[in-house]
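Enquirer: Residue-level listing of the chains:
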Amino acid sequence: MTPSQPMSQAMPAAELREQDHAAIADIVGIKEQTLFQRFLASQAFWVAIALFVLVVFMTWLEPSFGTSSNVTNITRNFAPIAIMGLGMTVVLITGGIDLSVGSVMGLVAIVAGLLLTWHQPWYVAFGAGLLAGLACGAFNGFFVAYVGMPSFVVTLGMLSIARSLAVVLSGNQMLYQFGADAPIVKAIGQAKWPLREPAGWAPAWMPEFSSHFWVMVVLALIVGFWFNFTAWARHLFAIGGNENAARMTGVPVDWIKFQAYVFSAFTASIASLLLLGYSGSAINAMGTGYELRVIAGTVIGGASLMGGYGTAFGAVIGAAFLEVIRNALLMAGIDSNWQGAFVGGFIILAVLLGMQTSGRSLRGMLEGMFTGKHK
Amino acid sequence: MALLDVRSISKSFGAIRALSEVDFSVQAGEVVGLMGDNGAGKSTMVKLIAGNFPPSEGEIVVGGKVCHFHKPIEARAEGIEVVYQDLALADNLTAAQNVFLGREIRKGIWPFRVLNKQAMIDRAAELFAELKSETRPRDLVKKMSGGQRQAVAIARTRLSNAKLVLMDEPTAAISVRQVAEVLELIRRLKARGVSVMLISHRMPDVFAVCDRIIVLRRGSKVADKRTDTTSPEEITGLITGAIRDA
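From first to last, the protein sequence lines stand for chains A and B.
Taking my numbering, I'd label the letters of the first sequence as residues 1 to 375.
Taking my numbering, I'd label the letters of the second sequence as residues 376 to 621.
No wet-lab data here; the hints were simulated from the structure.
For glycine and all other residues, C-beta sits at the position ideal for the given N, C-alpha and C.
Each hint can be trusted.
Covered stretches of chain B (chain A as the covering partner; in silico rule of three or more C-beta atoms under 8 Å from a C-beta of chain A): (1) 458-470; (2) 486-500.
Far from chain B, some chain A residues (derived; all Cβ distances over 12 Å): (3) Ala48; (4) Asn70; (5) Phe142; (6) Leu169; (7) Met206; (8) Gly280.
Some chain A residues near chain B, calculated using beta-carbon distances under 8 Å: (9) Arg234; (10) Gly240; (11) Gly241; (12) Asn242; (13) Asn244; (14) Val251; (15) Gly308; (16) Tyr309.
With these hints in hand, go ahead and build the complete structure from the sequences.
Expert: As C-alpha cells, then:
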C-alpha cells in the first residue's frame, strides 16, 4: 500500500499499526534509554571507573598514597577546582567559556584580605570579597549575554582586569596581618569533619575531610538537583543545544546566560575565600592558571565545549581525576613541572572524546574539515 | 466567518515592495498551500502572519478581530503557530523536553518548584498518539529522523491548541517515507479542526494535502484555486509566469 493512503477504520488496531509503518525502533535502531544505559553512555561514569582503577593501582604501588592523611590532602586540593568546575559547567552548557575564574579568585582574596587587615569583621570582609567576585561575573555576563560579544574575548579581558586590580589593590604585598577575626577566618578554611580522637569520634582509618570538601559536596548536590529538576536548567541546556530555538519558544535566553556567568564568578569567590582561610593570608597571585585546571576538569568530566552537555557529578569527578594524577606523579617522583604538560594533554584528549559523545564523531569532524561543512 | 482574513496587505522594505495588495482568507480546518518562486513573497507573508513584523498597509484579521502583531508572541496568543524550516528544536533534549520547552509543567511551591517530568512525558505521549506518530517522549531529538522531528515540532503547536499552523517547507530535505509521514501529520491536524498553511516548493505534496492553492508571483497574488479545479501544470505556469493570471 502507499503510505499516504487513508487508513480504514474497520481494520483492527494491531494490523493497522503494522501496515501503517513498522516500529521505528526496528528501522533506525533507536531504543529508549534506560537510566542505566544513560549512565553507561556518560563520560563521567567512565572517568569515575578510571579514577577508581588509578586509586587502587596507586595504593598498591605506593602504600602512603592510600593513607587517610593523603586522602584528606587530595580531597582538600581538588575541592576548590571542583567548586569552580560546577560554575564552569553551567557556563559551558550555554556554549560559552569563562577564562576569568582564576583571576577573580585573586581579586576576591585581596578584597577580603584588605578588609581583614583593616580590622573589619570576617563577615564584612567575606561579603565584600563575594560582591567583588559577583561584580566580575556580572560584567562578563552583561557583555556576553546582552551585548553579544564572544565569551572567550570578554572573559579573557576580565582575566587580565581582575588580576591587575588584585595587584594594584594589594600594593603587590602579601596580606596576612588580619585583625581580631583572623582565628575565625582560619577556622573556616581549616575546619575538618569528622575529627579523630581525642577531639572527635572518627576511627583512625577514616580521613578527616576538610571544609573545602564539604562545601564542594553540598554545592554539587544543589547543582545536581538544579540540573535535573528545574525549568531553569532545562532552559540552560536548551540554550546550549539550539539558542535560536530557545529564544523562539520564549525562553529568557539573555537573562539565563547572564546568570550563568554570575554563578561561575560566585563559585570562584567561594573557592577563593576557602583558600584564603586555609592559608591565613591573601596573595594577588592566588588562582593563577586555575582556569585551565578548572576547564580541564569539567571537560574530562564530560562537559562539552560546544555547549549543551555537562553534569555536576562530571565536574567533581573530573577535578578529582586531575588531582589524583597530579598527586600520583608527585609520589612517583616525577618533576612537578611536568604537571602542566599533563593537564594540557588531558584537555585535548577529553575534548577529543567529548566530540564523540556529543554526536560528532572523529571521522565526521575530519570529513567536515575537508568539505568545509559544520555538522 | 473565516479564521484568518488577510486584507489588501502590502509590505515594503525601503524601496523594495515585497508584497502588494494581497487578499485571501483561510477557513477553520482548511489546508491551504502557498506557492511561488524564490522571492515571490512567501516568506514575507508567513512572517507577517506570524507577527515577526507588521504590514506596511492592509490588515490581518484573526477570528474577526483586527490584529496588529509586532512580535511572534502576540500572534501565538491569537492561536497562530509557526513550524519553522529549521524546526527550532534543541538536539540535546528529548522529544517531550522540546515539546514543553518554555512551557514546562511544574509542581510544588517556591523555592522547591520542580519539573513535573511524568506529567510532561504523559502529555507528550498523548500528543504523539493523537498525531499517530511513533515518536517516543524520551527519545533524544538528535537521533531522530526528519519526519519524527516534524512530529515533535507539530506536537508543540498542539500543546498550545493553535488554530492556525504555518509550515515552512516541512517536506524539504527529508526522505520519501518521511514525507508521507509529514503529510499524514498535516491530515491529522486538519481532522482536529486546525487550519494549516503549507509553504512548499514540492508540487506533489501540496496537491496531496491542500484544499486550496494560493500562488504568489513577484509580490502579488496571481491565483487562488481549489485543488480539484487545477492541475500541477497550471500551477507551474502560474508560478513561472507562463500563465499570467487565473
